[in-house]
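Peer 1: From first to last, the protein sequence lines stand for chains A and B.
Quick note on my numbering: the first sequence kicks off at 1 and runs consecutively.
Quick note on my numbering: the second sequence kicks off at 1001 and runs consecutively.
Treat the hints as calculated values from the structure; they're not laboratory data.
All residues carry an ideal CB built from backbone N, CA and C; glycine is no exception.
A hint or two may mislead.
To give a feel for the contact side, a few chain B residues facing chain A, derived at Cβ under 8 Å [said to hold, decoys possible]:
#: 1; residue: Ile1042
#: 2; residue: Ser1088
#: 3; residue: Gly1113
#: 4; residue: Val1114
#: 5; residue: Met1150
#: 6; residue: Pro1151
#: 7; residue: Val1152
#: 8; residue: Leu1153
#: 9; residue: Gln1154
#: 10; residue: Ala1155
#: 11; residue: Ala1183
#: 12; residue: Glu1190
#: 13; residue: Ala1214
#: 14; residue: Leu1291
#: 15; residue: Ser1295
So you can see what is in the structure, the chains are spelled out below.
Number of protein chains: 2
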Amino acid sequence: MPERIGFIGLGIMGKPMALRLLQLGCELSVHSRSRPPIDELIAAGARDGTLPKGVAEQSDIVITMLPDSPEVREVVLGRNGVVEGARSGQLAIDMSTISPLVSHDEIAPALAGVGVKALDAPVSGGQRGAIDGTLSIMVGGPRDAFERAMPVLQAMGKNIVHIGEEPGTGQTAKACNQIIVGATIMAVAEALTLARKAGVDVAKVREALLGGFAQSRILDVHGQRMIERTFEPGFRIKLHHKDLNIALAAGGAYGSPLGETAIVREALGAMVARGDGDLDHSALIQLVESLAGLSVS
Amino acid sequence: MPERIGFIGLGIMGKPMALRLLQLGCELSVHSRSRPPIDELIAAGARDGTLPKGVAEQSDIVITMLPDSPEVREVVLGRNGVVEGARSGQLAIDMSTISPLVSHDEIAPALAGVGVKALDAPVSGGQRGAIDGTLSIMVGGPRDAFERAMPVLQAMGKNIVHIGEEPGTGQTAKACNQIIVGATIMAVAEALTLARKAGVDVAKVREALLGGFAQSRILDVHGQRMIERTFEPGFRIKLHHKDLNIALAAGGAYGSPLGETAIVREALGAMVARGDGDLDHSALIQLVESLAGLSVS
Chain A
1 MPERIGFIGL
11 GIMGKPMALR
21 LLQLGCELSV
31 HSRSRPPIDE
41 LIAAGARDGT
51 LPKGVAEQSD
61 IVITMLPDSP
71 EVREVVLGRN
81 GVVEGARSGQ
91 LAIDMSTISP
101 LVSHDEIAPA
111 LAGVGVKALD
121 APVSGGQRGA
131 IDGTLSIMVG
141 GPRDAFERAM
151 PVLQAMGKNI
161 VHIGEEPGTG
171 QTAKACNQII
181 VGATIMAVAE
191 ALTLARKAGV
201 DVAKVREALL
211 GGFAQSRILD
221 VHGQRMIERT
231 FEPGFRIKLH
241 HKDLNIALAA
251 GGAYGSPLGE
261 TAIVREALGA
271 MVARGDGDLD
281 HSALIQLVES
291 LAGLSVS
Chain B
1001 MPERIGFIGL
1011 GIMGKPMALR
1021 LLQLGCELSV
1031 HSRSRPPIDE
1041 LIAAGARDGT
1051 LPKGVAEQSD
1061 IVITMLPDSP
1071 EVREVVLGRN
1081 GVVEGARSGQ
1091 LAIDMSTISP
1101 LVSHDEIAPA
1111 LAGVGVKALD
1121 APVSGGQRGA
1131 IDGTLSIMVG
1141 GPRDAFERAM
1151 PVLQAMGKNI
1161 VHIGEEPGTG
1171 QTAKACNQII
1181 VGATIMAVAE
1191 ALTLARKAGV
1201 DVAKVREALL
1211 GGFAQSRILD
1221 VHGQRMIERT
1231 FEPGFRIKLH
1241 HKDLNIALAA
1251 GGAYGSPLGE
1261 TAIVREALGA
1271 MVARGDGDLD
1281 HSALIQLVES
1291 LAGLSVS
């Protein structure tokens, strides 16, 4: 790739995404909150950007992959942030899952102020998708910026959709994704728990339902995890809880009440409160089971 | 088919199912609450069973396809019911969607008392699936009865799964199906309404989400109906409301609280209360939209 890439945020998702860019021969500068993944990326051929500002100075395209809105605000707009090192003509791609309003009202305008075009490009597909380069990527922002970003995004994802020209539209699509995924997981958990309490073979139920209108990737993959009791993430409950907080806040801001989503958010929050936030979101079935008086295994 | 079939209940689902049996050359006796579909079936080659008792007397296998538990109770156990005309060695297949407890505690034992084996075999796939013979069929009851029923079921369905030997297990699987379908429809409705209120292209959101973990047959088919505003059933809201009442009652009886399902039931009930019970269940988006202050089109 001819353009120099900067990558900020080398967590469970960001590290494998950055490694894929290196494997494709990118000239890469990196920064992260903790040191070990930086050293790992340097060993693999990346340059240490020292701070977000330094990464921006050494790059044509700056990618951020951070936990939530406050971290993106800090890294992009804060002291020694991307904006301080940026120059006109650069492109910034925020692949974090954050509030669509923060993307639209804060990040994109601040970058525009220094001549940098912004894309919000949150992903779906989890750590496995990040490692394999098969993430789904939902992109908001100007079409020319989307086209410029395409070769970089294609290194990390497969199903890459330009949702709209307006900043934040990618984040809105991701919020929609998390609403549907969360509600489907909880519905599968309620259905399989009812079946179990009724003395019915839950594997048979899953099999029968996959052939009809209840079919979903969640029933297939997460239903199987619930049956096999494999709750290593995957995607952590505490992150899905955060994502539904974003969705409900967006619903509040845009005037779109989300009653079912609120129930799912509360259930995820209950799991976080009892110390299960680091389990895969399919472990939501444990909450349904405890309501049903089943001991959790 | 060598065995004589009786078919009771010639409604929106029962009539096309009975017609398929005739097309496959079955010797068929029929009964229904109203006269016109009986005459239609007679014109197509069926015999008038006059009453459920008469249908049972003229058949080796008696199929019922009725609206809800009270109708099945009446037709099977009531005056001039199936039990009165039944004899040892017959098979009864209830393809209605009713309470698993009624199947287990009332219908199967009463039939066993006159030497008749019972299957509960509720279906999924709607009127289209009934016409095309592509229904999903979830079957509870003894394995030998299931095997005997197979040629008959294969005339009406494609994905036919024996859920368990215990009566009612097919109904439990169907309740699980309706839980997941209802919750997914409501989640898609909330997601697409949020997107619309945020000014985002809902068709793009559907497209992007179909490529990831939010994929489901509901997002595909019912999501498209919501976008195109085509709300002719399909599957009627009032029937889905009835089915979730069954699911929640079963949850109560088996001690399995269903918090998300309750929210969806209430939403479907609100649609019924405002006179929209005959629309397709994808029209649930109209309720979400009215909460969001959007006028319904």
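Peer 1: Taking the hints in turn, state whether each one holds.
Peer 2: Status of each hint after checking the structure:
1. Ile1042: Given a least distance of 32 Å, the restraint on Ile1042/B is violated.
2. Ser1088: 28 Å, violated
3. Gly1113: Cβ of Gly1113/B sits 23 Å from chain A, so the hint is violated.
4. Val1114: With Cβ-Cβ at 26 Å, over 8 Å, it is violated.
5. Met1150: With a minimum Cβ separation of about 15 Å from chain A (threshold 8 Å), the hint on Met1150/B is violated.
6. Pro1151: 19 Å, violated
7. Val1152: 18 Å, violated
8. Leu1153: Result: violated, 13 Å to nearest chain A Cβ.
9. Gln1154: 14 Å, violated
10. Ala1155: Check failed: Cβ of Ala1155/B comes no nearer than 17 Å to chain A, outside 8 Å.
11. Ala1183: At about 3 Å, which falls below the 8 Å cut-off, the nearest Cβ of chain A leaves the hint on Ala1183/B intact, so it holds.
12. Glu1190: This hint holds: Glu1190/B lies near chain A, its Cβ roughly 5 Å from the closest one there, short of 8 Å.
13. Ala1214: Interface hint status for Ala1214/B: holds (4 Å vs cutoff 8 Å).
14. Leu1291: 5 Å, holds
15. Ser1295: 14 Å, violated
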